[in-house]
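Chains as they are written, first to last, in our numbering: chain A, 1 to 301; chain B, 1001 to 1232.
These aren't lab readings, by the way, just hints derived from the structure by calculation.
It should be emphasised that the depicted structure is a prediction, and the values quoted were computed from it without experimental measurement.
Be aware that a few hints might be false.
Computed footprint of chain A on chain B; a stretch qualifies when at least three of its residues, placed anywhere within it, have a C-beta under 8 Å from a C-beta of chain A [what the hints assert, rightly or not]: (1) 1082-1093; (2) 1175-1181; (3) 1191-1202.
Computed footprint of chain B on chain A, listed as stretches where at least three residues anywhere in the stretch have a Cβ under 8 Å from a Cβ of chain B [said to hold, decoys possible]: (4) 74-84; (5) 87-100; (6) 124-135; (7) 194-206.
Simulated DEER-style distance windows between Cβ atoms [what the hints assert, rightly or not]: (8) I1023(B) / Q73(A): 54 to 64 Å; (9) D1019(B) / Q285(A): 26 to 36 Å; (10) T1223(B) / S107(A): 50 to 60 Å; (11) Q285(A) / A1020(B): 43 to 53 Å; (12) K207(A) / W1005(B): 24 to 34 Å; (13) K140(A) / D1019(B): 17 to 27 Å.
For glycine and all other residues, C-beta sits at the position ideal for the given N, C-alpha and C.
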Amino acid sequence: MRFKKALASVAAATLSAAVLLSGCGTTSTPQASPAPQAAQTTPKPANPNVILATTTSTQDSGLLDVLVPQFEQKTGYTVKTIAVGTGAALAMGEKGEADVLLVHAPSSEKKLVDNQTGINYNLVMHNDFILVGPASDPAKIKELRTTAAALKAIATTQSIFISRGDDSGTDKMEKALWNKAGLKPSGTWYQESGQGMGQTLNIASEKNGYTLTDRATYLANQKNLKLDIVLQGEAALLNIYHVMQVNPEKYPKVNKDGAKAFDDFMVDTATQKVIADFGKDKFGQSLFFPDAGKKMEDLGK
Amino acid sequence: MELIWQGITAALQLLITGDAEVIGITLLTLQVSGTATFISLILGIPLGTFLALKQFPGRRFVLSLVNTGMGMPPVVVGLWVSIMLWRSGPLGFLNIMYTPTAIIMAQAIIAAPVVVALTSAAIQQTNPKLRLQIRALGASNFQYLWLILKEVRFSLLAAVIAGFGAVVSEVGASMAVGGNIKGYSRVLTTATVLEVSKGNFDIAIALSIILSLLAYLVTLALTLFQQKRQGE
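From just these sequences and the hints, can you work out the full model?
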């Protein structure tokens, strides 16, 4: 009985702590930002919140966990990273829901640049897409040289292929590759996961299927996967990331200065160096290659 | 099997060493879901009482809507709250999209039907003769309601437990309106999803254990509170 009472009072204390916490909760300024230190060096911006819409690969690979705190420290802004597929990130830009975009589907980005939704459009970095599959390699892709031949082999052997199917940058690339190979994939062997890259890799691994992935997410997840790289190195497989600001003249609610600061930060020499070094300690190789100031046509040469 | 052990070890490590990020996420989860449940009670108990005691045309229809609302998928709530809170949406001027406040809003909407439905069911189950007698003894309106709510306090606490359980475990709405922003709007469920997609299964398992533990402790506290009188 005494024990029960003691337990009850502990439980009651937990609960009242929760109520107490919730009472003073709901502040709209983030708690965990390094703002106090930053405030000493840089004045706090008038509108400190920057919404960054980006792809899952920059978050799942851990790159943003390194870059965002550095940016916040340097400028005093707080970045709200919304990691969705590139398709969704571009849609957020087109509605003015995000301030700045970091995305990797150049052909779809062109539309936003052309209609002046995205300004200050800069090349940031690249890595590459790779085709991964089970070690047994049922479609015998390891002997092939081109993506078109590889996809044809998958389709003819009806080997399982897991597509993202979520209109992300990777998904757009995959669809474009099928198109280029002159194929319309369909059938029970072609399955859409509708999920992010990390999850899709897990599904492919469990089902002994092939999938197209960016190298960074594959390396970050490799320890849990039973998947080998079966095709890589083709120029068509470049995965190119751009940053752009959402045009404040079109969407007045956009955080213009914050977006510009982030856009500039991504192509800054110091940041580019951080990008180049990212992943070397953990994977023995770079996950992304910095490209600021280069032309897209010159990549992979 | 090895993975499960790794997960349990990681969970213990995170708990014992008091990992600042995990503690922050856990406290935010408690704070957000606790506040949301509290709001749903403030809205839900009066509404449930009204639906139970007042006769009006369309009452059964409203009750059927509320009962359906108990099973409302959190992603649906997340989508609609997003549409409302986006800069381009009707409530965009509030500037609360991708904040903990937005999650509280969505979760309160998820929990409210549970509270309304369970409150109204509990009150309708009280003996009509008792209600009549309270009236006959000359209770004021306020006293009448207070006595009835006191009569159904067991069921009301069950409503609190069900409401809190529904919101602390949902991921769809928190992801959509909170954005899973590190150190700001990341709660235990969205953090678990993220760690799974990062391939950190041990940390994901650890977070899931912490979430289950949190849900259990809060429920335990409420259950003990509910059963307090019973033991004496």
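Structure-based check of all given hints:
1. A count of 4 residues in the segment 1082-1093 of chain B with a Cβ less than 8 Å from any Cβ of chain A is obtained; the coverage claim is therefore met, three being the minimum.
2. Only residues whose C-beta sits within less than 8 Å of a C-beta in chain A count toward coverage, and the segment 1175-1181 of chain B has 3 of them, enough to reach three; the restraint holds.
3. Only when three residues or more bring their CB closer than 8 Å to a CB of chain A does the claim for the segment 1191-1202 of chain B stand; here the count is 6, and the claim holds.
4. Given as covered by chain B, the segment 74-84 of chain A passes the check, having 5 residues with a CB less than 8 Å from a CB of that chain where 3 are the minimum.
5. Coverage of the segment 87-100 of chain A by chain B holds. Counting CB-CB distances below 8 Å, 3 residues qualify, and the rule asks for three or more.
6. A count of 0 residues in the segment 124-135 of chain A with a Cβ less than 8 Å from any Cβ of chain B is obtained; the coverage claim is therefore unmet, three being the minimum.
7. Look at the segment 194-206 of chain A against chain B: 7 of its residues bring a Cβ nearer than 8 Å to a Cβ of that chain, three or more, so the hint holds.
8. A C-beta distance of roughly 22 Å is found between I1023(B) and Q73(A), which places it outside the suggested range of 54 to 64 Å.
9. Evaluation of the 26 to 36 Å hint for D1019(B) and Q285(A) yields a pass: the beta carbon distance comes to about 29 Å.
10. A hinted range of 50 to 60 Å holds for the C-beta pair T1223(B) and S107(A), which are about 57 Å apart.
11. The given range of 43 to 53 Å is broken by Q285(A) and A1020(B), whose C-beta atoms sit roughly 31 Å from each other.
12. At roughly 26 Å, the beta carbons of K207(A) and W1005(B) sit within the given window of 24 to 34 Å.
13. Distance hint check: the CB atoms of K140(A) and D1019(B) are about 47 Å apart, inconsistent with the given range 17 to 27 Å.
Consistency note: the structure conflicts with the earlier hints numbered 6, 8, 11 and 13.
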